[in-house]
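A.B. asks: Here's the letter readout for the chains.
Protein chains: 2
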Amino acid sequence: MQNFRDRAAAAYDAERFRQQGHQLVDQLADYLASATSGKALPVLPWVTPDESLARFPASFPEEPGGELSPFIARVLGGSNHLHHPRYVGHQVSAPLPLAALCDFVSSLLNNGMAVYEMGPAVSAMEHNLLRWMAGQLGLPESAGGVFTSGGSVGNLTALLAARQAKAGYDAWNGGSPAGPPLTVLVAETAHYSLARATKVMGWGAEGLTPVPVDANFRLRPESLEATLAAATRAGRRPIAVVASAGSTSTGAFDPLEPVADFCERHGLWFHVDGAHGASAALSPRYRHQVKGIERADSVVWDAHKMMMMPALITAVLFRDSTRSYESFAQQASYLFGPGSRPWSDIGLRTLECTKEMMALKLYTCLSLLGTRFFSDYVTATFDLTRRFAERLKASGDFEVPVAPDCNILCFRYTPAGVPASELDTLQARLRQLLIQRGDFYLVQTTLPSGVYLRTTLINPLTSDAELEALLEALRQAPRNVAPGSEIR
Amino acid sequence: MQNFRDRAAAAYDAERFRQQGHQLVDQLADYLASATSGKALPVLPWVTPDESLARFPASFPEEPGGELSPFIARVLGGSNHLHHPRYVGHQVSAPLPLAALCDFVSSLLNNGMAVYEMGPAVSAMEHNLLRWMAGQLGLPESAGGVFTSGGSVGNLTALLAARQAKAGYDAWNGGSPAGPPLTVLVAETAHYSLARATKVMGWGAEGLTPVPVDANFRLRPESLEATLAAATRAGRRPIAVVASAGSTSTGAFDPLEPVADFCERHGLWFHVDGAHGASAALSPRYRHQVKGIERADSVVWDAHKMMMMPALITAVLFRDSTRSYESFAQQASYLFGPGSRPWSDIGLRTLECTKEMMALKLYTCLSLLGTRFFSDYVTATFDLTRRFAERLKASGDFEVPVAPDCNILCFRYTPAGVPASELDTLQARLRQLLIQRGDFYLVQTTLPSGVYLRTTLINPLTSDAELEALLEALRQAPRNVAPGSEIR
Chain A
1 MQNFRDRAAA
11 AYDAERFRQQ
21 GHQLVDQLAD
31 YLASATSGKA
41 LPVLPWVTPD
51 ESLARFPASF
61 PEEPGGELSP
71 FIARVLGGSN
81 HLHHPRYVGH
91 QVSAPLPLAA
101 LCDFVSSLLN
111 NGMAVYEMGP
121 AVSAMEHNLL
131 RWMAGQLGLP
141 ESAGGVFTSG
151 GSVGNLTALL
161 AARQAKAGYD
171 AWNGGSPAGP
181 PLTVLVAETA
191 HYSLARATKV
201 MGWGAEGLTP
211 VPVDANFRLR
221 PESLEATLAA
231 ATRAGRRPIA
241 VVASAGSTST
251 GAFDPLEPVA
261 DFCERHGLWF
271 HVDGAHGASA
281 ALSPRYRHQV
291 KGIERADSVV
301 WDAHKMMMMP
311 ALITAVLFRD
321 STRSYESFAQ
331 QASYLFGPGS
341 RPWSDIGLRT
351 LECTKEMMAL
361 KLYTCLSLLG
371 TRFFSDYVTA
381 TFDLTRRFAE
391 RLKASGDFEV
401 PVAPDCNILC
411 FRYTPAGVPA
421 SELDTLQARL
431 RQLLIQRGDF
441 YLVQTTLPSG
451 VYLRTTLINP
461 LTSDAELEAL
471 LEALRQAPRN
481 VAPGSEIR
Chain B
1 MQNFRDRAAA
11 AYDAERFRQQ
21 GHQLVDQLAD
31 YLASATSGKA
41 LPVLPWVTPD
51 ESLARFPASF
61 PEEPGGELSP
71 FIARVLGGSN
81 HLHHPRYVGH
91 QVSAPLPLAA
101 LCDFVSSLLN
111 NGMAVYEMGP
121 AVSAMEHNLL
131 RWMAGQLGLP
141 ESAGGVFTSG
151 GSVGNLTALL
161 AARQAKAGYD
171 AWNGGSPAGP
181 PLTVLVAETA
191 HYSLARATKV
201 MGWGAEGLTP
211 VPVDANFRLR
221 PESLEATLAA
231 ATRAGRRPIA
241 VVASAGSTST
251 GAFDPLEPVA
261 DFCERHGLWF
271 HVDGAHGASA
281 ALSPRYRHQV
291 KGIERADSVV
301 WDAHKMMMMP
311 ALITAVLFRD
321 STRSYESFAQ
331 QASYLFGPGS
341 RPWSDIGLRT
351 LECTKEMMAL
361 KLYTCLSLLG
371 TRFFSDYVTA
381 TFDLTRRFAE
391 RLKASGDFEV
401 PVAPDCNILC
411 FRYTPAGVPA
421 SELDTLQARL
431 RQLLIQRGDF
441 YLVQTTLPSG
451 VYLRTTLINP
461 LTSDAELEAL
471 LEALRQAPRN
481 VAPGSEIR
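Line by line, the protein sequences give chains A and B.
The opening position of the first sequence corresponds to residue 1 in the numbering used here, with each subsequent residue numbered one higher.
The opening position of the second sequence corresponds to residue 1 in the numbering used here, with each subsequent residue numbered one higher.
It is worth saying that the hints were derived from the structure and are not from the lab.
Just to be clear, a hint being listed does not mean it is correct.
Covered stretches of chain B, as calculated for chain A (at least 3 residues, CB under 8 Å) [as the list claims (entries may be wrong)]: (1) 127–136; (2) 252–265.
Example chain A residues on the side facing chain B (calculated, C-beta under 8 Å, incomplete) [unchecked claim]: (3) Val47; (4) Gly66; (5) Val105.
Computed from a predicted model, the values in this text were never measured in an experiment.
Glycine is no exception: its CB is placed at the ideal position from the N, C-alpha and C atoms.
Pulled out of the complex, with its shape left as it was, chain A reads as follows (with noise of 0.2 Å):
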């Protein structure tokens, strides 16, 4: 094994690393460059997906060979430039180059965390980066919560805290007993993931009861009282309410005080999926938006959504910090020992056990660019949606479903002399064909009134000039022609 230690010794080989590193800095900083420019790239270079496997395929060389640049190249001009200022789609930012670095200090150090002497400086600026995050949105002191890997692990762990608090016995101990099954009450538009917790947790389909929405698609809490009637009447034993702050499809805030004022009339758990909206607490002039989730009970809030970090960073909030630990309370002699604390063992109370060093990229970026860039930022795309929206409304042409809450704006093209009956084809073959000339990215969605264009305004570079174009390039575009290899 000499051979091997040779080439470890090598593979970790801090000045081949450095050689390879600054390499990469420049191909990454070209890349951005270009990116941002909006000018040299498509937004997305389409192929098909067994065109993709074919470029990347299921075997390896046993032996050594190859560089890294010309192999990251391949990747770059294959992957969603999510920096160019015509990405307009999914949820996910367009992440500070800052971000990045820190997610660079972090994979090299691979402080793992579930104890605290697994990452003691990590551990420290998680504790107080999500008090912070708490105070942001007014919870108490009392408040504290965990970061884990994305939303949907954020969900269960918020709907895992409210089973235990209000199931009325130990589910986690004891299982489910004989009886009503639990439920929990939430939106009919809500995001998939709750669906998911809740049959993860074994309640089934009946584990969600939908609450019916208004015409902006928010949830309507004069329907509370009936829906809590009904489920009871149905044998269900309704536990918590989960309003979106906003929700996925069109950015609806659910009014979150009269959610409240329910829940503690009926002894529910009240829970706030802000994965993308709980950031309009940031914004003075947007705060209003989420008025009331100071008095949630748990708080889901993504930072890869609208904070401008790269995935996941996905902060739990529970109003009474301690109610985390109850749910995950288990033996591991290895690592949690009788004198473990509780703040700073963070694997006592996520699903998780080794996870990424997540709050360093957030800590790092709040420090160094102020809070203020943050909340600018949030005031910045909000305002654009607005003044898009209401660009729309003005054309004569598009149709606007319904006014935007946050950064996320549905729309539909109806030019004169397409009847009816074909919008949603159309809009769906614009889509499709707008996106594989690698033109904008956006994406779309299916409302009660049919397929709409859905955009989100997430990237702060994206400028009213570029919706502006995003128009045109839909007016210009070629109806009928259906999406596929001749228009490549």
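Based on the hints, put chain B in the right spot on chain A.
C.D. replies: Then chain B, alone, in the frame of chain A:
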């Protein structure tokens, strides 16, 4: 907001990124040189949790200011140095610097992948890398899977598929009917994430049915029949057996073939928690440890343990790759259109939605470093651990409770003159002293016979000489000093 647009342009400026990136590469290369040399640093720069908390307060400036380098210097100075050859603690890798570079790319690109369009290149890499991993384990062509953020989420994902396949009812949609509660048979020494997974699913403490282990802490297959019968008599409904490869405390590998036979005989799901040890399949010398893994219905395999990757990258492999779709299928029209291709829209079969480009680092490292490097790594660390165990057994003043199956080894110092009743306290004290001085980072665990020091020889730079030095340090350490401020 013109002011914000200017500041955003500056924050995303490619030249500023280039400059900070080059500085950071030099800073990290210097750090890596120091850490791998094993000379300049303590392994863990010990401070109390409260001291660490004071260094990273819960407040941030409103305006920008400060430089990245000094900030990162404080983080480096407050972290556990996993590249130090005297890091022999938890099962968290000393990441390949090349892999950290790939994570840097991943964080900048931020292709979140839940749908193919959000990461064409990395979706293909993920699909084909998982096929390659399945092939290494000897799973059939039908095998496939997903990457998840960590082994805990991975084990939960596998057990959800087991529930759907074996409960005898549609647990995902229908919830838990009245009737015998589900349970999984598992060695009494298995990882706590399995108990978490079954408790998350609402099965309570009886969701795990412990199977006795032998003197080597391996599941006793001859006990399976009686355990199954007793669980059934007690009113439970066993649906699966989970075997560990290997267990966390001692690294014991359960015998997989008899477990596979048993599952086949009784129609049970066979899951292997190979988070740590599935990598044994890469080594011709140690592949026999996981003989039978090719018969598993599902396997969890962490590349951030024994493949030198930074956290997180967990493969969840299914013998029949369609299994995972069943567990998670649901509607989300803004994500999954009717024409979405199953393999390429990865969000269809994982608990997560947006996730990191986990495949990039491992795909790149296998491509550039070659597969033999990984194979030899496993062989070298397992070999080293065996030599260390022999050295301890021959020493006369150390005790090894169980011969190592992999690269995890428990032992304790038993110097002449220390009564048996004080041995537990001695181990805990010595460990605390060594890690607070920064000489070594190792952990401890409690076995039925008492407290043991526990080492994982996971850093390829750790040599026989370092381990010899560890024994000398334990011998030379003052035995009666209580750990605390006086030793610093």
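A.B. asks: For each hint, tell me whether it holds in the structure or not.
C.D. replies: Hints versus structure:
1. 127–136: holds (count 6)
2. 252–265: violated (count 0)
3. Val47: holds (6 Å)
4. Gly66: holds (5 Å)
5. Val105: The hint holds - valine 105 (chain A) has a Cβ within 8 Å of chain B, the shortest such distance being about 6 Å.
Comparing the model with each earlier hint shows a violation of hint 2 alone; every other hint is respected.
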